[in-house]
Amino acid sequence: MATMSLRPCGDFRTTYKQDTVIFDTRNSRWAMVLFLMALYVMVLIPVLAPGVEEAPVLSSLFAPFYNAQYLSLAIQACYWGIAALGLNILVGFTGQISLGHAAFFGIGAFGSAYLNNTYGIPVVLSIPLAGLIAAAVGLLFGSPAARIKGLYLAIATLAAQFIIEDLFIRLDWFTGGSYGSLANSIELFGVTFDTDQKFFLFALSLTIILFVLAANLMRSRDGRAFVAVRDHYLSAEVMGINLTKYRILSFGISSFYAGIGGALYGHYLGFVSAEGFTILLSIQFLGIIIIGGLGSVMGAMLGTIFMVLLPEVMAGGVDIIASTEWGNTPMITNGLAYFKEMAIGAAIILFLIFEPDGLAHRWRLIKAYWKLYPFSY
Amino acid sequence: MDLFFQLLINGIIVGTLYGVVAMCFVLIYKSTQVVNFAQGEFLLIGAWICWYILVQFQIPFVFGFLITLVFMAGLGIFIQMVVLRPMIGEPIISVIMVTIGLSIFMRALVNWLFGQNAVGFPEVFSTSSINIGGLYVQPAYLMSFVISIVIMAGFFYFFKYSRYGLAMRATAFNQQVAQSLGISVKQVFAMAWAISAMVSALAGVVVGMVNGVSSALSFIGIKVFPAVILGGLDSIIGAVVGGLIVGVLENMAEYVDGQFLYWGNMLTIAPFWVLIIILVIKPYGLFGTKDIERV
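For the record, the sequence lines run as chains A and B. For the first sequence, numbering that gives the first Met the number 0 begins at 0 and goes up steadily by one. For the second sequence, numbering that gives the first Met the number 0 begins at 0 and goes up steadily by one.
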């Protein structure tokens with residue numbers, strides 16, 4: 000079916016191979032490739048040819064790629080997106096609940112900084128190694144998953160979150176204690192990724208690689224085993240799937256992703272402090288995959304973009320309200336931090352009630368609508 | 000050794016409070032199969048509402064407290080009807096997440112309205128400590144202990160002998176059968192949330208009287224998890240016992256830490272280590288029913 004350029008009006012898949020393609024038409028694949036290439040080119044041109052952005056016509060074209068705020072949001076979307084991809088493998092595909100994802104995210108951030116500062120391992124290598132450290136800790140704290148599931152597992156991971164958060168302050172040889180630790184910039188082939196543009200390119204590349212890995216994992220034998228464990232774990236076990244192995248493996252993979260996301264976060268900020276990895280961040284990650292759509296790789300990215308933009312939208316809304324006469328009170332202007340939190344909570348509740356399948360489902364509906372437009376029958 | 004006994008007494012008193020909150024948690028879990036991550040926020044809201052009424056309108060404590068209870072019952076029913084009812088039949092992750100979303104929302108809302116700093120409660124009982132056998136205990140603590148015991152006895156009576164208690168037990172046992180016997184499951188659900196919210200608010204007011212009202216109250220909702228897991232998720236007696244054990248345990252950890260180990264922060268963290276250990280060796284707790292699953 001990948002040879003077709005437009006989507007057919009119905010299901011004409013005849014092989015399993017057709018059923019598992021990532022892009023179901025040639026056009027959608029090319030559209031994605033073109034979009035990503037355009038993104039690279041737009042960011043790369045000002046980096047490679049400084050001064051281009053000041054040319055008369057081009058300046059307005061390149062303005063968004065030079066806007067520090069947009070870029071930092073885009074980078075945030077990358078490192079959160081990576082962590083959300085991991086959490087989606089655990090929650091969306093394997094059906095395990097983790098309330099401790101932020102802790103593994105933090106282990107990645109501290110781990111990469113530690114490896115780089117103490118052993119001088121180049122950052123490019125220390126990021127995946129930090130992912131492995133996080134995976135190891137994830138396997139350790141995920142091991143109760145061999146025996147417990149559902150609610151009990153959620154509570155176990157909640158405990159893990161608090162314990163690891165506490166360890167961040169306690170283990171000062173690893174994390175620098177309450178002072179935190181410094182994280183160096185990324186260097187690769189003699190290029191230092193020190194500006195936001197360059198860092199965005201690195202983060203985007205890493206995100207694409209991990210996205211493709213996650214999407215392909217779900218097409219593999221292990222991915223199908225995860226889904227089987229989620230859908231009906233007893234039947235899965237009867238069919239010869241090793242429950243313990245896949246449950247713990249899923250924890251490991253998810254922590255690996257969280258670790259890489261965290262490492263990226265650490266090297267982007269240049270400084271890692273123990274306060275950044277609270278239960279609220281864990282909940283935000285869960286919110287991301289619920290808003291995006293559980294069990295959809297694309298959904299994790301859509302949800303990330305939603306969650307990254309939500310505080311910005313709230314900030315904009317508060318600005319508008321504060322500019323009116325009755326809204327300009329200290330209650331409104333000082334309440335932004337609370338509004339952001341409230342928006343996260345409200346978004347999770349509203350999505351669960353009104354759109355439990357998330358943005359990915361909405362996206363499918365939009366595609367289905369246009370497929371048959373204007374004859375919707 | 001004095002410190003040891005002082006902490007032991009503290010542990011027992013705090014433990015009974017944990018027990019009460021854990022009981023509210025178990026009540027909701029047992030009758031509606033919802034894990035309420037927003038239990039701590041009920042304490043927070045209850046304490047703040049009571050504080051606000053007392054400070055703003057200067058009415059006697061008893062009336063202010065009654066108004067708080069009525070408000071909390073309404074809030075519990077409202078949450079059950081608007082937020083939890085659409086979640087019936089949804090997977091467990093959705094139910095967990097919706098209560099987590101509620102908890103974030105309510106905490107942020109309350110922090111926005113009332114601020115995050117601790118505020119002293121209007122004085123209801125005298126604050127000078129009472130000397131019991133050489134140990135100093137605050138009257139409010141003593142009151143909280145007595146109130147907790149009364150609540151527990153009330154729960155026991157309610158479930159054992161009252162008509163509604165029987166309806167709730169029947170619903171907890173099997174919703175479909177209960178419905179077919181003429182019990183309104185909807186009413187039972189709403190009632191469970193109302194009772195849970197009211198009793199949690201009571202606990203919140205008691206803690207607020209002793210330690211002041213602040214956003215730290217909502218953390219008790221997290222401390223409840225070690226208690227209920229220890230006791231068994233669906234056992235009310237287990238919740239009380241678990242709460243007591245956790246209360247004593249965290250104060251003992253504090254004692255051991257303060258005397259010998261000097262690790263710091265053990266009061267907060269020790270219950271979670273215990274929680275993980277319990278989950279690995281005895282996941283259904285001391286009194287919980289073991290899930291037996293058939294295909």
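Simulated from the structure, these hints should not be mistaken for laboratory data. Since this is a predicted model, take the numbers as computed values, not measurements. Where is the CB? At the ideal position from N, CA and C, for every residue including glycine. Among the clues, some could well be false.
Unchecked claim - Each computed DSS-like pair below joins lysine-lysine, with the alpha-carbon atoms no more than 27 Å apart:
hint, chain 1, residue 1, chain 2, residue 2
1, B, K159, B, K185
2, A, K16, A, K339
3, B, K281, B, K185
4, A, K16, A, K366
5, B, K289, A, K244
6, A, K244, B, K281
What the hints assert, rightly or not - Sample of chain A residues lacking proximity to chain B, with all beta carbon distances greater than 12 Å (derived):
hint, residue
7, A37
8, Q68
9, G91
10, F161
11, E164
12, D221
13, M297
14, I343
* For I343 (chain A), which was marked as not at the interface, is the minimum beta-carbon distance to chain B over 12 Å? -> violated (6 Å)
* To do: Verify that the Cβ of Q68 (chain A) lies farther than 12 Å from every Cβ atom of chain B, and report whether the claim holds or is violated.
  => Given that every Cβ of chain B is farther than 12 Å from that of Q68 (chain A), nearest at about 24 Å, it holds.
* **Given as non-interface: M297 (chain A), partner chain B, CB spacing beyond 12 Å** => holds (19 Å)
* **Given pair status - K185 (chain B), K159 (chain B), alpha carbons within 27 Å** => With a Cα-Cα distance of about 21 Å, the restraint between K159 (chain B) and K185 (chain B) holds, given a limit of 27 Å.
* Asked: Hey, K16 (chain A) versus K366 (chain A), does the alpha-carbon distance stay inside 27 Å?
  -> Holds, at about 22 Å.
* **A37 (chain A) remote from chain B - nearest C-beta pair above 12 Å** => Correct as stated: the minimum Cβ-Cβ distance to chain B is 36 Å, above 12 Å.
* Asked: Taking 12 Å as the cut and beta carbons as the points, is G91 (chain A) off the interface with chain B?
  -> violated (9 Å)
* Taking the closest pair, is the beta carbon of D221 (chain A) still more than 12 Å from chain B? -> The claim holds: D221 (chain A) sits with its nearest Cβ about 21 Å from chain B, beyond 12 Å.
* To do: Decide if the proposed pair is consistent with the structure: K281 (chain B) and K185 (chain B), CA atoms, cutoff 27 Å inclusive.
  => violated (33 Å)
* Take a quick look at F161 (chain A) and tell me if its Cβ sits farther than 12 Å from every Cβ on chain B, holds or violated. => violated (5 Å)
* **Holds or violated: K289 (chain B) to K244 (chain A), with C-alpha atoms at most 27 Å apart** => Holds, at roughly 23 Å.
* **12 Å Cβ clearance of E164 (chain A) from chain B** => violated (9 Å)
In terms of the numbered hints stated before, the structure departs from hints 2, 3, 9, 10, 11, 14, listed from lowest to highest.
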